[in-house]
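Student: One-letter residues, chain by chain:
Protein chains: 2
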Amino acid sequence: MFNFDFYNPTRIVFGKGRITDLNKHIPQQARVLVLYGGGSVKTTGTLTEVLHALGDRVVSEFAGIEPNPSYETLMQAVEVVRREKIDFLLAVGGGSVIDGTKFVAAAALYDGDCLNILKTRGSTIKQALPIGVVLTLSATGSEMNNGGVVTVKSTHTKSAFFSEKLFPQFSILDPTKTFTLSPRQIGNGVVDAFVHITEQYLTYPANAPVQDRFAEGLLLTLIELGEKALSNPDDYDVRANLMWVATMALNGLIGSGVPQDWSTHMIGHELTALYNIDHAQTLAIVLPSMLTVRKEAKREKLLQFATRVWQLTDGDDDTRIDAAIAKTRAFFESVGVKTRLADYGVTTIDEVLAQLEAHRMTALGERREVTLDVSRQVLELSR
Amino acid sequence: MFNFDFYNPTRIVFGKGRITDLNKHIPQQARVLVLYGGGSVKTTGTLTEVLHALGDRVVSEFAGIEPNPSYETLMQAVEVVRREKIDFLLAVGGGSVIDGTKFVAAAALYDGDCLNILKTRGSTIKQALPIGVVLTLSATGSEMNNGGVVTVKSTHTKSAFFSEKLFPQFSILDPTKTFTLSPRQIGNGVVDAFVHITEQYLTYPANAPVQDRFAEGLLLTLIELGEKALSNPDDYDVRANLMWVATMALNGLIGSGVPQDWSTHMIGHELTALYNIDHAQTLAIVLPSMLTVRKEAKREKLLQFATRVWQLTDGDDDTRIDAAIAKTRAFFESVGVKTRLADYGVTTIDEVLAQLEAHRMTALGERREVTLDVSRQVLELSR
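One line per chain: the protein sequences are S and U, in this order.
All letters in the first sequence, in the order written, are residues 1 to 383 by the numbering used here.
All letters in the second sequence, in the order written, are residues 384 to 766 by the numbering used here.
If you are wondering where the hints come from, they were derived from the structure by calculation, not from laboratory data.
Remember, it's a predicted structure, so these values are computed and weren't measured experimentally.
Using N, Cα and C, we set each Cβ at its ideal position, and we do this for glycine too.
Incorrect hints may have been included.
[Stated by the list, open to error] A partial selection of chain U residues facing chain S, derived with a Cβ cut-off under 8 angstroms:
(1) 384
(2) 386
(3) 387
(4) 394
(5) 397
(6) 402
(7) 565
(8) 567
(9) 600
(10) 606
(11) 624
(12) 627
(13) 640
(14) 642
[What the hints assert, rightly or not] Below 25 angstroms or equal to it, Euclidean Cα-Cα: the simulated BS3-like pairs (lysine-lysine) are:
(15) S:165 / U:548
(16) U:407 / S:24
(17) U:407 / S:165
(18) S:42 / S:16
[To be verified] Coverage of chain S stretches by chain U, computed from C-beta distances (three or more under 8 angstroms per stretch; other residues unrestricted):
(19) 12–26
(20) 239–248
Please construct the entire structure, taking both the sequences and the accompanying hints into account.
Tutor: Below, the structure written as structure tokens:
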């Protein structure tokens, strides 16, 4: 096991009916900005519930944080924060709203050009406003970590940033709030969580059996629940467990002390920035090909994945690895997420490679072996 | 899954050579009290390393926190804290030293009779001094939770207390610091962690597959590592993984949203308080009998335990459950921890039952079904 630090002070408030706990966790005197997305929180009644729980605190709203939240939109929220003297941010939504809120929390108190937050990947963040979360869509894990991803529209650039100042103080996870999600949102959430896990698990052995068993436990649970989450949208336990898997998938725990990959994410980000393909869809496109192209580098963990996650015991090593990758692809398709570039109308890969090069994504992966040439092979195989 | 809150802000600093990080995590101006046990931290050189890392901070020492730390001893430390105007406590040791330090942290700022901290199980703690930990013995998980257990010698009473104020700010986990432990300490640590897990896992199904898979992963890892930890005391990876299992076993994670038992611990506490049997030894005595006596109440989880943890697939349900319990007992014995009262010279159980009654431990377990009569059956079976 590698040396590591693990630190995660976010308070999880889990279960049905927990939105009323907002009153416990936000100071009575706070001036609150509630940030959300496209309005579904209004039609579902969640926003009303949130505003009710906030009681007589001073509350403003900022609507319109888009999927793949943009720097341009978020800077408008920063204006509101400054104008209204906001001192507490409450994100009501999924990963995009939470990521965007984290950016606003840092940008509102940032000294200098806020683009530098992205250029320095968050390392220049010295302070941030406190953040709370009401989660309505399980996928990214942003509700219990210190990172976010923001897109600069003008340059088609998706940038990740991290800072210990950006952990939400609390996140309310009420599974009933996910009952109204569309099949596309649920399928995307399942794939997103799955790939978060594999990016921290399918690398090379590091003698870290706890992290391995935890990752496998999360994958097994996702596989058990994935299709049920689509066919039984009102099943509380299915949605609750899916929510907990997605949170655990990216809260730092399973990635502590082990190598990590993230090349699938980096290539996926370019696909989203160029073609506006959903984040999870890009992961479903890239991961199976990535595992195939990098089979040798990942051989031992792929065999473990085949045995422990997919219960594949027949055939030689290569047969089992190929079957595990095929089952992974089939699982993504089974939750309604297509796995080929052609499914999304993308016919050329040259633009993607050019963007990877422009963003210096030329040595990705757990051993920095994913060169542009490897990325080309992966994208070719993803057609 | 039940509704739950999960909150754990302790920073884990894991790996070899990490004691130098003390300098980062304790304020430069702090007046530090270093608390430890019987002097092994001196002979191993750990104390010297700690003092070196503390640099020119004002440092005092308090030695002599005993296994099953006593209220009487700890109140002496409280005196030192007050006299020396200490504002940071650094525990260097295992669970007893950390538990004791937590008590001191609360007692030093407590208004009124400090025995009330124990009588109210910590609920009256309003503030506590900040705590750091250098862990030298893996077992109790106290390095990453908010609870402790303290013995009042005069009344033979072991009392648990909890408070959010008592999370260590950081815990340094350097596996090499456990190389010098005795086989008895290592065996005890393995059993302690094992039973912490089963108290949160072997109850009744609550539709919480993540918690189940995590618990099973920790148990599987313990079983893989237990004997190796004894036979290869210098194997870094074995000790590192054992350390991480013990921390994960009782940091709130696997117990979130699921029923918990703790009856084995409560009976075990009486055995320690009366006969000074090591904590883990008492658990090894009680658990196998407890599982046998409560087989019906725990049937479904015991079957899952048999299948997933012990890979028992032959025979009918009762055969597999009995085999799983037998394997559990054999595992404890394999790491050198005896599992019968007679092994420790205890021949009568009446005193234990009288103490359970005196401490109102008359309705224990996940459904409060462990009456004095059930405890009697368990103890009879443990002879």
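Student: A separate judgement is required for each hint: does it hold in the structure or not?
Tutor: Now for the hints, and whether the structure bears them out:
With a cut of 8 angstroms, the hint placing residue 384 of chain U at the interface with chain S holds, because the nearest CB-to-CB distance is about 5 angstroms. About 3 angstroms separates the beta-carbon of residue 386 of chain U from the nearest beta-carbon of chain S, less than 8 angstroms, and the hint is met. Given hint, residue 387 of chain U at the interface with chain S, holds; its Cβ is 5 angstroms from that chain's nearest Cβ, closer than 8 angstroms. Because the smallest distance between the Cβ of residue 394 of chain U and any Cβ of chain S comes to about 4 angstroms, under 8 angstroms, the interface hint for this residue holds.
Against a cut-off of 8 angstroms between C-beta atoms, the interface hint on residue 397 of chain U holds, since the closest Cβ of chain S lies about 5 angstroms away. Hint status for residue 402 of chain U: violated, given a least beta-carbon distance of 12 angstroms to chain S, over 8 angstroms. Using the Cβ-Cβ criterion of 8 angstroms, the hint placing residue 565 of chain U at the interface with chain S is not satisfied: the shortest such distance is roughly 24 angstroms. Interface restraint check for residue 567 of chain U: the shortest CB-CB distance to chain S comes to about 24 angstroms, outside 8 angstroms, so the restraint is violated.
Nearest Cβ of chain S to the Cβ of residue 600 of chain U: about 3 angstroms, under the 8 angstroms cut. The hint holds. Given hint, residue 606 of chain U at the interface with chain S, is violated; its Cβ is 11 angstroms from that chain's nearest Cβ, farther than 8 angstroms. For residue 624 of chain U, the suggested interface contact is upheld, since its CB lies about 6 angstroms from the closest CB of chain S, less than 8 angstroms. At a threshold of 8 angstroms, the smallest CB-CB gap from residue 627 of chain U to chain S is about 5 angstroms, leaving the interface hint in force.
Annotation: residue 640 of chain U was flagged as interfacial toward chain S, and the flag holds, the nearest CB pair being 7 angstroms apart, inside 8 angstroms. Taken as an interface hint, residue 642 of chain U does not check out: its beta carbon lies about 15 angstroms from the nearest beta carbon of chain S, beyond 8 angstroms. Of the pairs offered as hints, the one joining residue 165 of chain S and residue 548 of chain U holds, with about 21 angstroms between alpha carbons and a cut-off of 25 angstroms not exceeded. Taken as a hint, the residue 407 of chain U and residue 24 of chain S pair is broken in the structure, with Cα atoms around 32 angstroms apart against an allowance of 25 angstroms.
A threshold of 25 angstroms between alpha carbons decides the hint, and for residue 407 of chain U with residue 165 of chain S the separation of about 17 angstroms falls inside it, so the pair holds. Between residue 42 of chain S and residue 16 of chain S the CA atoms are separated by roughly 19 angstroms; this keeps the pair inside 25 angstroms, and the hint holds. Residues of the stretch 12–26 of chain S with a Cβ under 8 angstroms from some Cβ of chain U number 7, which satisfies the need for three, so the listed coverage holds. Given as covered by chain U, the stretch 239–248 of chain S passes the check, having 5 residues with a CB less than 8 angstroms from a CB of that chain where 3 are the minimum.
The structure is inconsistent with the numbered hints 6, 7, 8, 10, 14 and 16, although it conforms to all the rest.
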